[in-house]
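Keeping the supplied structure of chain A fixed, place chain B upon it in accordance with the hints.
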Amino acid sequence: AQKITQTQPGMFVQEKEAVTLDCTYDTSDQSYGLFWYKQPSSGEMIFLIYQGSYDEQNATEGRYSLNFQKARKSANLVISASQLGDSAMYFCAMWYTTGGFKTIFGAGTRLFVKA
Amino acid sequence: ETGVTQTPRHLVMGMTNKKSLKCEQHLGHNAMYWYKQSAKKPLELMFVYSLEERVENNSVPSRFSPECPNSSHLFLHLHTLQPEDSALYLCASSLRARKDYNEQFFGPGTRLTVL
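Chains as they are written, first to last, in the numbering used here: chain A, 13 to 127; chain B, 19 to 133.
You may find that some hints are simply not true.
With a straight-line Cα cutoff of 30 Å, these simulated DSS-like cross-link-like pairs (lysine-lysine) come out [what the hints assert, rightly or not]:
1. B:40 - B:58
2. A:126 - B:59
3. A:15 - A:114
4. B:58 - A:82
5. B:54 - A:28
6. B:59 - B:37
7. A:126 - B:58
8. B:37 - B:54
9. B:58 - A:85
10. A:15 - B:36
11. B:54 - A:114
12. B:59 - B:36
13. B:54 - A:82
14. B:59 - A:15
15. B:59 - A:114
16. A:85 - B:59
17. A:114 - A:28
18. B:54 - B:36
19. A:82 - B:59
20. A:82 - B:37
21. B:54 - A:85
22. A:82 - A:28
23. A:15 - B:54
24. B:58 - A:15
25. A:114 - A:85
26. B:36 - A:114
27. B:54 - B:40
28. B:40 - B:59
29. B:36 - B:58
Between beta-carbon pairs, the in silico distance windows are [as the list claims (entries may be wrong)]:
30. A:21 - B:77: 19 to 29 Å
31. A:97 - B:26: 23 to 33 Å
32. B:129 - A:97: 18 to 28 Å
33. A:52 - B:44: 28 to 38 Å
34. A:42 - B:25: 33 to 43 Å
35. A:43 - B:34: 37 to 47 Å
36. B:46 - A:58: 16 to 26 Å
37. B:58 - A:14: 16 to 26 Å
38. A:21 - B:26: 27 to 37 Å
Since the hints were made in silico from the structure, they are not lab data.
In this text, all values refer to a predicted model and were calculated from it rather than measured experimentally.
Backbone N, C-alpha and C fix where the C-beta goes; we use that ideal spot for every residue, glycine too.
In isolation and in its complexed conformation, chain A is listed as follows (with noise of 0.2 Å):
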């Protein structure tokens, strides 16, 4: 069965500082894709980075980096550099084809930036 997990309901992190929020995921299909969003308090969902999963290089962006582990079936985001504006929700998600077009997301994790 496909599945995203987020274990981590809540996070702090000191301004400035790096974080790491984990995702791991369950698939049997050998193509697919894994998304990190990011949801403010206002509601929009901002979508942050992908990593396909023949990508062979872990994708960057910015201040957002996928650190992408086939092997274990986890895709953390590590966000560098924290910012107050990047207190959010921030959800991982897996885009597979087995039954047809179908999206996951994860339960999410509230990152909470320190001043």
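Chain B in isolation, oriented as in the chain A frame:
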């Protein structure tokens, strides 16, 4: 301003009412999605439309009826809802409904309360 807009932003309705949620994307995308975000549950994909054709229906009750008249507009018609249907309904769009590099852009959501 986001390329995906949703109206209304907030909706309160009784169980016997009929209402519709509207989503519009100005990004030239060919795929659109409806998601449901309930408290304490992961984000759930409800429907996927690709080039105005529904390609995915994730066992959503028939009281939710989607409509995609063209690639820029997506509706979710609601009738005889239940209180447990109260949630944030998010619309998203992407260039294509495919598993590879499929960045989805989300609207701000409609906060629905069913009394």
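In this structure, is the beta-carbon distance linking residue 52 of chain A and residue 44 of chain B contained in 28 to 38 Å?
violated, 21 Å
Run the distance test for residue 54 of chain B versus residue 28 of chain A: straight-line Cα separation, threshold 30 Å.
violated, 34 Å
Starting from residue 58 of chain B, check that the Cα of residue 82 of chain A is at most 30 Å away, please.
holds, 28 Å
Does the Cβ distance between residue 21 of chain A and residue 77 of chain B fall inside 19 to 29 Å?
holds, 27 Å
For the pair supplied as a hint, residue 58 of chain B and residue 85 of chain A, confirm whether the alpha-carbon distance does not exceed 30 Å.
Holds, at roughly 24 Å.
Could you grab the alpha-carbon distance between residue 126 of chain A and residue 58 of chain B and see if it respects the 30 Å cut-off?
Distance ~24 Å between residue 126 of chain A and residue 58 of chain B Cα, so the pair holds.
Can you tell me whether the CB distance of residue 46 of chain B to residue 58 of chain A sits inside 16 to 26 Å?
Holds, at about 20 Å.
Straight-line Cα separation of residue 36 of chain B and residue 114 of chain A no greater than 30 Å?
holds, 28 Å
Given the proposed pairing of residue 54 of chain B with residue 36 of chain B, does the C-alpha separation stay at or below 30 Å?
The given pair, whose Cα atoms are some 18 Å apart, holds under the 30 Å limit.
Is residue 40 of chain B within 30 Å of residue 58 of chain B, Cα to Cα?
holds, 25 Å
Residue 58 of chain B paired with residue 15 of chain A [C-alpha distance capped at 30 Å]
holds, 16 Å
Decide if the proposed pair is consistent with the structure: residue 82 of chain A and residue 28 of chain A, CA atoms, cutoff 30 Å inclusive.
With Cα atoms ~29 Å apart, residue 82 of chain A and residue 28 of chain A stay inside 30 Å; holds.
In summary, the structure is inconsistent with hints 5, 10, 17, 20 and 33 from the numbered list given earlier, while agreeing with the others.
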